[in-house]
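Number of protein chains: 2
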Amino acid sequence: MRQVAILGIGQTVIDEHWDKSIRDLAVEAAIAALQDAGRETAGGVFVGNMMSGIVNAQNNLGPLIADWAGVRGGDALKVDAACGSGGAALRSGLMAVASGELDSALVIGVEKMTDRPMREVTAALATAADADYEVDMGVSFVGLNALIMRRYMHEYGWKHADFAPFAINAHANAVHNPFARLHHTNPLEDFEKSLMVATPINLLDASPVGDGAAAALLVPAESLRGGTRVLVAGSASATDTIAIHDRPEGLFLSAGHKSAREAYKQAGIGPGDIDLFELHDAFTIISALSLEACGFADRGKGVQLGLDGEIGPTGRVPVATRGGLKARGHPVGATGMYQVVEVVQQLRGECGPTQVPEARLGMAQNIGGSGATIVTHILKKA
Amino acid sequence: MRQVAILGIGQTVIDEHWDKSIRDLAVEAAIAALQDAGRETAGGVFVGNMMSGIVNAQNNLGPLIADWAGVRGGDALKVDAACGSGGAALRSGLMAVASGELDSALVIGVEKMTDRPMREVTAALATAADADYEVDMGVSFVGLNALIMRRYMHEYGWKHADFAPFAINAHANAVHNPFARLHHTNPLEDFEKSLMVATPINLLDASPVGDGAAAALLVPAESLRGGTRVLVAGSASATDTIAIHDRPEGLFLSAGHKSAREAYKQAGIGPGDIDLFELHDAFTIISALSLEACGFADRGKGVQLGLDGEIGPTGRVPVATRGGLKARGHPVGATGMYQVVEVVQQLRGECGPTQVPEARLGMAQNIGGSGATIVTHILKKA
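Just so you know, the sequences run in chain order A and B.
Heads up: the first sequence begins at 1 in the numbering used here, then just goes up one per residue.
Heads up: the second sequence begins at 1 in the numbering used here, then just goes up one per residue.
No lab work stands behind these hints, which were simulated from the structure alone.
Because the structure is a prediction, the values reported are computed rather than measured.
Please note: incorrect hints may appear among the correct ones.
Copies of the same chain are indistinguishable here, so a pair counts whether it falls within one copy or spans any two.
As the list claims (entries may be wrong) - Derived pair list, reagent style EDC-like, types lysine to aspartate or glutamate, alpha-carbon separation capped at 20 Å:
1) Lys380 x Asp273
2) Lys20 x Asp132
3) Lys381 x Asp36
4) Lys20 x Asp136
5) Lys265 x Asp103
All chains, please: the whole structure from these sequences, using the hints.
Here is the structure:
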C-alpha cells in the first residue's frame, strides 16, 4: 500500500442555504479543494452523503458532482454510512489511491437538509437506526441518544450540568471559524435553561443540522516534493450492532474503540500522542463516550475532562477546535469531511485563536448511527 | 496491487417478496456466498443499493447487514451509483482487498422495491437522473430511455420489431434460471402487441423491477490453493455527464466505452476474447448501445447482432445468459452483483441449458443513470 497525503482542502459555510442546491454546495467545496491543491482534476470522485435520495430527490451524486465540478471520467460514487458517510467516503478514496488504482481522489462530504419540513428531516435522520426494531417502535434518533445519556447519568452519577463544558467549548471555538453555522457563545447558566429536546438532551446538548460541503484531494505521498505535507497515518472503520438494545454494553462505543485502536497501531502511537481530536459531538453524551472509547478517559469519566478544563485548544485533549458538530454544525453526510478538513487546518497552523500549539498529530472520528459504524483517521504533519 | 479472486457467490430468487425485509434478502444472499466460499466471516461488508432510504426508510445498510449476517467488526458501508450500485460496490470491495487493507470483502447488492406503490418507486427511480434539469422538467427514467430509443431508430433506420431478439433471448434464457423473476417465453408476435410504457418502449422492451439480493466473497488470489479459480482480470469505472442533453453524442455510452477499454487493457484482451457478456439490458435499446460501446458492433449496428442470432448462449456474443435484467429481473441496486454472480456461474460451468461452451472469460457491465456511471468487470477462469 502506498502512503497517502491530503494535498488540498475546501469547505462551504454551514447554514440554511436557500439559494444553493446540493450540487452547488458540493461543487463549491470540490473546486476549493482542487484550487487549494493546485490541481484541475482528479482520478475519481467519492461522495459522502446520507439523505439526498430522501430530502433532495437526487441519488447518483457521484457522476452529478463529478460532472459539475469538471472531474468527469473515472470512478464516481456515493458512500452512505449515515452520519459517518464522510469518514467512510474518505476511506474509500484512500483505498483507491493506496491500492494504486487511482493517482488522486477527490472526496466530498455534502448534505442539504433544510429544504424540507423538519418532521421530514427527523424521519430521514431516523433511517440511520434500525427501521424495524428501533424506529418502528416510535423512537427518534435523538430519542435513542437520550436513552444513552439518561443511562450514563444513572450509571455513573453525573448531573446534566456536568455536560455543559462540551457545549461551551464548542461554541467558544466556533466564534473563530468563519465556516461555522453558530457564532454565539453560551455561558453556563444558559445550558440548564435551554429548551428540552428529548429529556435529558436539551438544545445545547444537541448539534444543529445545516447545509454544507467539505472536500479533500488525496494523492500518493511519494508524489509530493518539499513543503509541509499532511499524511494519512492511520485509517480504520469498525461496526457494532445497528440496534442499541443488541449491545452487550450500551454505554461503550466498541466500534470507536476498535477503529481508534487500529488507527493508533497503524500510526505507531497512542492516545497520549494525539494533539487534537475532532470527535463526533452530535450530542454532549457522545463526546464523553468518544473520549472513553479512544482511551482519553476511563469508562464513565469522559465528562471529567470537560470539568477539568482539559478540552480547550490549549488543554490536554483539545476537541471540537473549530466548533465541532455542536456549533460548526452537523450537515450529517458532510460532517466527517469537515472534521478532516479541520484537522488539516490545525496541522497547517491556520486556526488563529483556536490553534492548538505545535499540532503535529490530529485525529478525526466520525460516527454513523448510534455507534453502528465508526471511522477513525489520524493525520500527521511531516 | 494484489490480484483478487471471487471465492463464493450467493443470490436470492427475484420476486415480490412480501414476506421478507431488505435485511432478510441481503442476509440470505450474504450467508449463501459465505457458505459457498466455506467461510464464516469477512473483513468488511460493501453493500450496493440505490433506494433503501426512500422506499424502505432504512439507510446505514452497511452495519445493518454486517450485524445480521454475523460479519461484524470491520468496514461496513453502502455504495450508491443508482442502478450501477452493485458494480460500484464490487469495485469498492475489490480495492479494499487489492490494496491489502482487508483480507476479504463481502459484497452484496440488494434492493427491495415492491413494498411501495409503483408511483413512488417510479419517483425513486428518477432520482438516478438529474433532479433539477431532467426530472423537474417532467421526464421519468423510462421516458429518458424512450427519447434515446426514438432517436436511435430515427438516426439509424431501425424498426421497433428489430429490438425483439434482445427480449426473446433474455426470456428464453431465464426459463432455466431458478433465481429469475420471469419464466415465460415471448414469441415474436407478442413483442409488437405488448403494452406501451413510454413510446417506443413497450413492456417487452423494459425490464421488471423486483426484490432481490446477490453477493460475492472476494479474497486475494494468492490465498487460494488448487481448484478452479475465478479471478478479477479487469475492473474499471467511468462517468459521463449526468444529463443526456449535455452529451456531445447522446447515442454513445462513452463511459461504457471508456470503462470497457480500461478493463480490456487490464486483462490484456479485446472484445473478441470475451466468451459471454452480461450487459445492462434495462431496456432493449441499452443492449444495442452497450454492444456498440464495448466494441462488439459498429455504431448503430448493435441491433444487427440480435437479428443475426449471435446473442444466444452458443452465439458469437452471448448476452443475458441467465435472463438479463429483462427476465431475471432488475432490483436496481442489486443488478450489478447478479451480473457478476452469473458470470461466475458460467465460468464454473453451472448454467445447464444456457451454459456457454468452454466459457473462460466473462464480462459484466453495470450502468447507473442513463449512462452516467458505467462499471465494467472482466472475470477469468484460471
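Where does the structure disagree with the numbered hints, that is, which hint numbers, in rising order? none
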